[in-house]
Every structure is written in C-alpha cells, then in structure tokens.
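Undergrad: Residue numbers (this note's numbering): 1 to 341.
Derived from the structure by calculation, the hints contain no laboratory data. There may be inaccurate statements among the hints.
In silico lysine-lysine, DSS-like type, Cα no more than 30 Å apart, as pairs [as the list claims (entries may be wrong)]:
hint	residue 1	residue 2
1	55	300
2	127	247
3	300	77
4	233	127
5	92	77
6	127	252
7	77	55
8	92	300
9	92	61
Model, not experiment: these values are computed from the prediction.
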Amino acid sequence: MKFRDYVIKRALQIPVALFGLSILIFYITRVMPGDPVRLYLGLEATEEQVEMYRKLFGLDKPIYIQYIDYWRNFFTKGTLGLSLYTGRDVAKDIAEYLPATLELVIAAMVFSVIVGIILGVISAMYKNTWIDNVLRVIAIAGVSLPRYWVAILLQLALAYYLNLLPMTGKISTHLTVERITGFTLIDSLITGNWEAFVDTIRHLILPVIALSLSPIAQIMRLVRASILEELHKPYVSTLISLGLPFKIIYYKYMLRNALVVALTIIGLLFGFFIYGAFAIEIVFGWPGIGWYAVEVGLAKDFNAIVAVVMLIGLIYTLTNFVVDIIYAYLDPRIRIRMEMK
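All chains should be built: construct the whole structure from the sequences, respecting the hints.
TA: Here you go:
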C-alpha cells in the first residue's frame, strides 16, 4: 500500500464514523426522558401550545424524517435548528461560543507540549536522581488529581486568598473588545486594545494550568520512557564507538526519535482538551462550548446537543487523522510496512 492510498483510506473513514455518530446521538436525543418543549414553555403552557411548538420544532414527525430534515437544512441552508435554550439558530450559538473554547484549548496545548517535553527530557537526563524522583511524583499527581478539584484549589489559592489572578470569566466586565474573529486575544491585538489583551491573558492562566496538569504529566512520562528506550538501542552504542559526542547523539538522534513517539499522544490529547474543557469552563465561568454544552444538556435542548456532539466528534476524528498521517510520514518503519503490503 502506497502512502497516498493510506491517506485516502484514512480520509474515507472520517465520514463513515461521523455518519454513525450522527445516527446514534440523534436517536438518543429524541428518545431520552423528558419533554424538551414542556421545559421550554414551562408548566403553565397549555396542551395546544405544546402541540403547536412540537410541530414548530418538527417533533410530530417520525425520527427518521426529523433526521433527514435536520441534515438537509444544514447542508442547504447552513442551519442547525432552533435552540430551546437561547431561542436562536444553533449554528449561531456554536459560532459564538466555539472561539472561546479553542482559545483556551490551544493555549493549554501549547503550554502542555512545551512544559511536558522539557520536563520529560530533564527527567530522562537525570534518571534515578532526586530531580527525576520529584518529577515522577509530580507526574503521578498530575494524572491522578481530578481537573475540577485542581481548578477549585487554584481559584482558592491564587485568586481568592492571594488575589493574584482573576477567579472567573474571560475578560473583566469593564473592558470590551470589538468582535472580529471571536478570539479575544487576536481581536484585542488587531484593535490595539493592549489593556484587554493583558487582561485576557491573566484570565487564561488559571484555566490553562488546571486543564494542562494531566497532559503535562502524560507527555513528560512518555518522553522520558521513549528517550530511555532509545538509549538502549544499538545505533547509540555504534555512534558512541565512532567518537560522536553524547550530547549530539542525545539531541540529534535520540530526542528526535522519542518525539516521534510522543507526537501520537500529543495529537490524541486534543480530544482530551476539548472534553476536559467542559469541567474547566464551568468552574471558571469560561463562556465556551463546554459551558454551552452543559447548559443545553440540562435544558434537554436536542438540536444543540446533536450539534455539540457532532462538533466534538468532527474535531476528534480530524485530529486522529492528522496525527496518523504525520506519524506515518515521519516514521520510516511505518512507511516500509505500508509499502510491503
């Protein structure tokens, strides 16, 4: 199998996976207990009003007809149905809340990758020393501690008691930023609003740390294990016998090969960040897609629930696809195995 054929095969798996997910989540939202229309109208609504709104939302039709209508409207009109929670088109809600989540997730990913790789390299270099032992304890704690618990501790310590950073929100209430891209940091830079830019960074620090603790620990442990595994491979002994300095071997060969292995989990962690953002956004009052998902879930807002789950599924499958392609391209062993098939 050629590399091109592998890319095409993996690409074709994406719509199949999303199609299956769309059927599953659409069916679940339609059969789950509770009447979303009754929740939307309130207990005082009459049966005539309930029936009228059921027709308005298309709930009087068979589920398969509702499914066809839902996706036909999306592909022809770009709409995702009316939200019971906000009263707006769900597509507009997604466009409003998604940038805040991506801003948080991207910042947390960059922070996690940089810190995780650095700590992993240090831990491997000082194997079985007190430095390595301390870092390994931190890694175990990072994987074990719940994100929401860490978030609350950070709020209490750094925001409430020490008053060093804001406790909640995305930006201070007295500041406004003209919406251009939806990303507050980028919009504040474009408009030259430096006060808002600095204020947004201050609001980002605690959520980013809380969201990054577990990924940092996982990346650090994987980088450490990969480097130590590379150390015992024959090519290292060969290069040392040829007189090549160990620092060059370490950084040019061992670290590069170890990072190829680490790349897989880094990509897969993107889905973890999106999922982890749900709890973090609730604790810190961050107005992102995770906060929105919890609110529409409690309101049994079926159209919004379908849209959010499909969005997360799309992000997750695309991330896995990109990681698999990059991994196959960088690792010659995978390319050789593909060509032999």
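Undergrad: Looking back at the hints listed earlier, which ones does the structure fail to meet?
TA: No numbers; nothing is violated.
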